[in-house]
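Peer 1: Take a look at the letters that make up each chain.
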Amino acid sequence: MKIDLANLTIKKAHDHMVKGDFSSVDLTKAYIDEIKKKNGDVNAYLEIFEDALEAAKKADELFKQGKAGPLTGIPCAVKDNILIQGHIASASSKILQEYKATYYATATKKLAQAGVVFLGRTNMDEFAMGGSTENSAFGPTRNPHDLARVAGGSSGGSAAAVAMDGALFSLGTDTGGSIRQPAAFCGVVGLKPTYGAVSRYGAIAMGSSLDQIGPIGKTVADCEAVFNIIRGQDPKDGTTITDKTYPTKRVGKKKPVIGIPRHFLGGDGIDPAALEAFEAAIDSFKAKGYEIKEIKLPNISYALMVYYIVMPAEVSSNMARFDGVKYGLHVDGKDGIEDYFKTRRAGLGREVVRRILLGTYVLSSGYYDAYYNRANAVRAMITQDFLKAFESVDLIATPTTPGPAFKIGDKASDPMSMYLEDIFTVTANITGMPAISIPSGTTNKDGKELPLGLQLTARHGDESTLFQAGKEFAGE
Amino acid sequence: MITVKELEHLAVLSRIDLTEADKQSLVKEFDSILGYVDQLKKVDVSMDAAGRVGAVKNVMRADEPVTVSAEDRERLLDEAPDREGDFIAVKKIIAQD
Chain A
1 MKIDLANLTI KKAHDHMVKG DFSSVDLTKA YIDEIKKKNG DVNAYLEIFE
51 DALEAAKKAD ELFKQGKAGP LTGIPCAVKD NILIQGHIAS ASSKILQEYK
101 ATYYATATKK LAQAGVVFLG RTNMDEFAMG GSTENSAFGP TRNPHDLARV
151 AGGSSGGSAA AVAMDGALFS LGTDTGGSIR QPAAFCGVVG LKPTYGAVSR
201 YGAIAMGSSL DQIGPIGKTV ADCEAVFNII RGQDPKDGTT ITDKTYPTKR
251 VGKKKPVIGI PRHFLGGDGI DPAALEAFEA AIDSFKAKGY EIKEIKLPNI
301 SYALMVYYIV MPAEVSSNMA RFDGVKYGLH VDGKDGIEDY FKTRRAGLGR
351 EVVRRILLGT YVLSSGYYDA YYNRANAVRA MITQDFLKAF ESVDLIATPT
401 TPGPAFKIGD KASDPMSMYL EDIFTVTANI TGMPAISIPS GTTNKDGKEL
451 PLGLQLTARH GDESTLFQAG KEFAGE
Chain B
1 MITVKELEHL AVLSRIDLTE ADKQSLVKEF DSILGYVDQL KKVDVSMDAA
51 GRVGAVKNVM RADEPVTVSA EDRERLLDEA PDREGDFIAV KKIIAQD
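Protein sequences appear in the order of chains A and B.
Numbering-wise (our numbering), the first sequence opens with residue 1 and increments by one.
Numbering-wise (our numbering), the second sequence opens with residue 1 and increments by one.
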């Protein structure tokens, strides 16, 4: 049968493969054909794996033996900072351009064991530092809805791959919004799980107290299916949690109660179209019988400032490992120490250098208390605000982003305006709470319909409430 | 807010060469970013929040050597820019008399 990639979901693809309407090889070939048509424009993929069809053949064997699981034979894309043994993982950086992963990340290992087909690796902001994928050493990813605009970032390639029908789902990483913001810009669903819900073993670290791996898909149910495979405690990542780590107690009897921090929504730089779409989303929840409450998060306006201290501090530590000795690029100098200076100069891009220096500054003696310690204290206050709010509501709703995808080049010269893109998304990383972005209407700019996203945040460990409300909102 | 001299010191600590043009633009960018995050200084953090980050606690494990297979060792060594046999080769750091 002709495969309708545009309307396919994981469940539908699975059912078709069980019935024998098409095989995983057929499906994989259909995706590779689509990628070949569109990737020249979009630049979502950095590489299509030659062993994809081999994996699809193995998946088809599992179907024949009746051993196929829900993700067996499902073609997916993986962000270039999550390791798949034997494949290059460059983090879209020149310093790792030829680095071949020596082991599997736990998340990709679990997906491989579930029988997925890895189609290829996707473009991103270098080392996940950015909000537009313009910081990739290998050119920007373009938004499939308007090629003049960014796909968002840093998981821009992963979101665009799904949006252009170049994969049924993908993996991204989210440190300050890097799954949810590109998902919103590209009109797909993106989940940032609870901190520790998914092992980060084998994900190239950026901000270790903030980073999480999560799925991007076309539907909430697809993201849920992937999350259920990749989640779980891992001895190789001491920050991973169990189902018992966070006992959750819901307020809403039948339906979750939704809180809105209205005092935080009307600031400068927020596109009226984003607020309009948000109000429409809230009306739709009301119509479905959800109770809506106004809540106060007194310290939330400090979240982005906290983020731009804690994150670079952790970046400066994590990036110290790239020294041209153990792996990756090496540029020769007159002695060992000059090798470091030359290698890092040649291999690391502007935004990465900026954050390393900023992190070194806020951690240096004399500034440590004023910046890093203070940021950690305010971080705890913000988390307390959220925990308090969750005593009376089950979900907190905001727009995912201040507006739709912006034009390529528009924010590239002003780091501060790019950083403000994360205003609604960073809180979930600051608090460690799970959050999801779901498509929530479009707005017309320059004759193009551009997607917007609704963000829902839940208590620690309560992804299931995100899925329940998300599916109902999306009409799944 | 930050001087070129301070920036040069940070670059040395971070082991990154900077050009003159880099320094000029970075000084400006630092001013804009630090100007923004400096607003945190007006927050009253007198509560006992200092140094406490959520419910994070240390996770310990035994410090035990792990046996790596010959294949894994080869894969790891293969990624090194320079090797001699089963060692990663680096430049000499002690001067010869």
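Take these hints with a grain of salt, some might be off.
[Unchecked claim] Below, simulated SDA-like cross-link-like pairs (lysine to any residue); rule was C-alpha separation at most 20 angstroms, straight line:
{"no.": "1", "chain 1": "A", "residue 1": "236", "chain 2": "B", "residue 2": "42"}
{"no.": "2", "chain 1": "B", "residue 1": "91", "chain 2": "A", "residue 2": "11"}
{"no.": "3", "chain 1": "B", "residue 1": "42", "chain 2": "B", "residue 2": "27"}
{"no.": "4", "chain 1": "A", "residue 1": "411", "chain 2": "B", "residue 2": "59"}
{"no.": "5", "chain 1": "A", "residue 1": "100", "chain 2": "B", "residue 2": "5"}
{"no.": "6", "chain 1": "A", "residue 1": "244", "chain 2": "B", "residue 2": "5"}
{"no.": "7", "chain 1": "A", "residue 1": "11", "chain 2": "A", "residue 2": "476"}
{"no.": "8", "chain 1": "B", "residue 1": "91", "chain 2": "A", "residue 2": "363"}
{"no.": "9", "chain 1": "A", "residue 1": "100", "chain 2": "B", "residue 2": "79"}
{"no.": "10", "chain 1": "A", "residue 1": "471", "chain 2": "A", "residue 2": "236"}
{"no.": "11", "chain 1": "A", "residue 1": "411", "chain 2": "B", "residue 2": "27"}
{"no.": "12", "chain 1": "B", "residue 1": "5", "chain 2": "A", "residue 2": "365"}
{"no.": "13", "chain 1": "B", "residue 1": "91", "chain 2": "A", "residue 2": "332"}
{"no.": "14", "chain 1": "B", "residue 1": "23", "chain 2": "A", "residue 2": "321"}
{"no.": "15", "chain 1": "B", "residue 1": "41", "chain 2": "A", "residue 2": "411"}
{"no.": "16", "chain 1": "B", "residue 1": "92", "chain 2": "A", "residue 2": "325"}
{"no.": "17", "chain 1": "A", "residue 1": "326", "chain 2": "B", "residue 2": "88"}
{"no.": "18", "chain 1": "A", "residue 1": "100", "chain 2": "B", "residue 2": "91"}
{"no.": "19", "chain 1": "B", "residue 1": "91", "chain 2": "A", "residue 2": "365"}
{"no.": "20", "chain 1": "B", "residue 1": "91", "chain 2": "A", "residue 2": "476"}
[As the list claims (entries may be wrong)] Just a sample of chain A residues kept apart from chain B, beta carbon distances all over 12 angstroms, derived:
{"no.": "21", "residue": "62"}
{"no.": "22", "residue": "334"}
{"no.": "23", "residue": "339"}
{"no.": "24", "residue": "348"}
For the record, the hints were derived by calculation from the structure and aren't laboratory data.
Please read all numbers here as calculations on a predicted model, not as lab measurements.
All C-beta atoms in this analysis are idealised placements derived from N, C-alpha and C, irrespective of residue type, glycine included.
Peer 1: Between residue 411/A and residue 59/B, does the CA-CA distance stay at or below 20 angstroms?
Peer 2: violated (41 angstroms)
Peer 1: Straight-line Cα separation of residue 100/A and residue 91/B no greater than 20 angstroms?
Peer 2: Cα-Cα ~24 angstroms, so violated.
Peer 1: Since residue 334/A was said not to touch the interface, does its Cβ keep a gap of more than 12 angstroms from each Cβ of chain B?
Peer 2: violated (9 angstroms)
Peer 1: Can the restraint linking residue 91/B and residue 476/A be considered satisfied, given a maximum Cα separation of 20 angstroms?
Peer 2: violated (60 angstroms)
Peer 1: Does the alpha-carbon distance linking residue 23/B and residue 321/A stay inside the 20 angstroms limit?
Peer 2: Between residue 23/B and residue 321/A the Cα gap is close to 24 angstroms, so the pair fails against 20 angstroms, i.e. violated.
Peer 1: What's the verdict on residue 91/B and residue 332/A, does the C-alpha distance respect the 20 angstroms limit or exceed it?
Peer 2: holds (10 angstroms)
Peer 1: With the threshold set at 20 angstroms, check whether the alpha-carbon distance from residue 411/A to residue 27/B stays at or below it.
Peer 2: Holds - the C-alpha atoms of residue 27/B and residue 411/A are around 18 angstroms apart, at most 20 angstroms.
Peer 1: Would you check whether the claim that residue 62/A is not at the interface survives, using Cβ distances to chain B and the 12 angstroms cut-off?
Peer 2: holds (26 angstroms)
Peer 1: Looking at residue 339/A again, its CB stays over 12 angstroms from all of chain B?
Peer 2: violated (7 angstroms)
Peer 1: Would the hint linking residue 91/B and residue 11/A be met if the CA-CA limit is 20 angstroms?
Peer 2: Between residue 91/B and residue 11/A the Cα gap is close to 55 angstroms, so the pair fails against 20 angstroms, i.e. violated.
Peer 1: Holds or violated: residue 244/A and residue 5/B, Cα atoms, limit 20 angstroms.
Peer 2: Violated, at roughly 51 angstroms.
Peer 1: Within a Cα-Cα threshold of 20 angstroms, do residue 91/B and residue 363/A meet the stated pairing?
Peer 2: violated (30 angstroms)
Of the numbered hints given earlier, the model fails hints 1, 2, 3, 4, 5, 6, 8, 10, 14, 15, 18, 19, 20, 22, 23, 24; all others are met.
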